[in-house]
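J.: Sequence:
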Amino acid sequence: MGYGSHKSSGFPSACLMAALLFLLGGCRLSPPYLKWSTDPLQSGISTAHDYILKYRKKPVTAEVGRNLLTIEDCRNLALVNNLDLQVELIDEAVKKALKQSQRVKTLPHMVFSGELSERDNQRWSYSEVLGQEGITASPGEKGTGVTNFSNSHERSTWRYSMETRWSPTEAALAYYLFDSSSNDRLKAHFQSLRVGQRLVGGVEAAFYRLLGLTENLPLAERLYGLRASVSTKAGQLLKDKLLEREDYYRAKQNLLKAERLRTKIRIDIRKQRNVLGSAMGLSPDLCLDGGFGLVGSLCAPSPPAEVCELELQAVNSRPEAYMAGLAYVNSVNDLRRTIVKYFPTVTGFWRYTRDKDKFVYEKEWKDVGVMVYFDLLDWLANTRDSKATKANSLKTHRQIGSIALGIVSEVRVTALDYLDSLDALANKERALQEAEKMRAVIAGRASLEEVHKVALQEAEGDVLQERIGKIEALADANAAFAKLRTALGTNYTKPMPKKEWSVW
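Numbering (my numbering), first residue to last: 1 to 504.
Careful, some of the hints might be misleading.
For lysine-lysine, the following DSSO-like pairs were computed, each having C-alpha atoms within a straight-line distance of at most 30 Å [unchecked claim]:
| # | residue 1 | residue 2 |
| --- | --- | --- |
| 1 | K356 | K341 |
| 2 | K233 | K252 |
| 3 | K366 | K356 |
| 4 | K498 | K95 |
| 5 | K257 | K437 |
| 6 | K252 | K241 |
| 7 | K264 | K96 |
| 8 | K95 | K257 |
| 9 | K390 | K96 |
Note that these hints are calculated values from the structure, not bench results.
Model the full assembly from the supplied sequences, consistent with the hints where possible.
T.: This is the structure:
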């Protein structure tokens, strides 16, 4: 054996120094997700401005080539442009890549290494003097046979090694990690599916509300005109003492209500346009004619099935239930990993080594063996990890029930809201019929006195107001139906990735 300490070459240190200088010097790469900024706040604000210019300043006509959108157009634009959904799709791609990474870790390791070492003194070989055991030779002594000593060995040498090793313990740990990462990839898929369902539900609800408001706006303008005419004529009749004062005040109150209704519809149109445009990732205002319009019809939705059937359908369709089940499976995998860690780590290896030192007698050699590793401190720490994973497994099992009960509760509340909207729609239809009957009665009077004409205009205004209420109730019922479909998880689906049970 040789004497003296080893001294590593300057190559690794130089590489490390170069990397540090590169990082300290700053990184200026062209892709937006690799930009390095010395001011993170300014970088975030700049990025936010870029997105505002890209999405909020982009007309709808730039996407579809027209300014009238159907509900299918709105759904498709939202699924393509919505940033929340894009974030979930990117996360799904990330989880897929991590799954493949864990998959590779179950395979045998192939290691290739090269070592350049340098001693601070000469190294030599010696043997005890023949016939005089215990007497060691000194460097530089000369003799014959086994008493010849070398003092000119190289101080620097290259050594290459190629190794293949595989541990069943590490493979088992990697397998459970791979299975968990595969489940995480499925969870990301279900998460993006749920975001898509909420997105489509919000788009449909905003579409129907905006469609109803758009239909109500000209009716509200007509109603305001009728109420203003009635108020003016009522004031003149009051002066002529042909009308009671309470009737005049009632006409003024109806005028104020009509004015408030018209203003509210205008504001609600802007609000719903903003909600719909934001969901589609486009500007709600910029368009060829100043903004996009909607094409569609408001139809009375059908009554829902029994609430119990809807609850079971939601539990089978909602992604949250599957995500909770995958989280429980991952917790079981973590528990199994702690069980594997109780056993010693056994690693089998085959190694081929070549030394370029010209004074080495055998420059190549092969090693085959088994290494057993056991760390008592890791074993003690793993006992605590095992208790934690058992508790976590119990928690995730309880969460499945909690999420299922939450889904059932949400479906029941949403279904009751939908039933209430259907009842409100039926009530508005009856009120409209009564208002039309009242107008027919007033119009059938033979008298053509001015008082009767004012009463007829007031009755026509009541009909308009009830018609506006019916359209609003119809839009609310369709929006409630869209929310119910969102709660059921039936408004948007996409193919589920295949579950890979094998690591090969």
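J.: Each hint should be assessed against the structure and marked as holding or not.
T.: Do the hints match the structure? See the list:
1. K356 / K341: 40 Å, violated
2. K233 / K252: 11 Å, holds
3. K366 / K356: Answer holds: K366 to K356 is near 15 Å, not above 30 Å.
4. K498 / K95: It holds: about 14 Å lies between the C-alpha atoms, which stays within 30 Å.
5. K257 / K437: Holds: K257 and K437 sit about 22 Å apart, inside 30 Å.
6. K252 / K241: Since the Cα atoms of K252 and K241 sit roughly 17 Å apart, the hinted pair holds (cutoff 30 Å).
7. K264 / K96: 48 Å, violated
8. K95 / K257: 56 Å, violated
9. K390 / K96: 27 Å, holds
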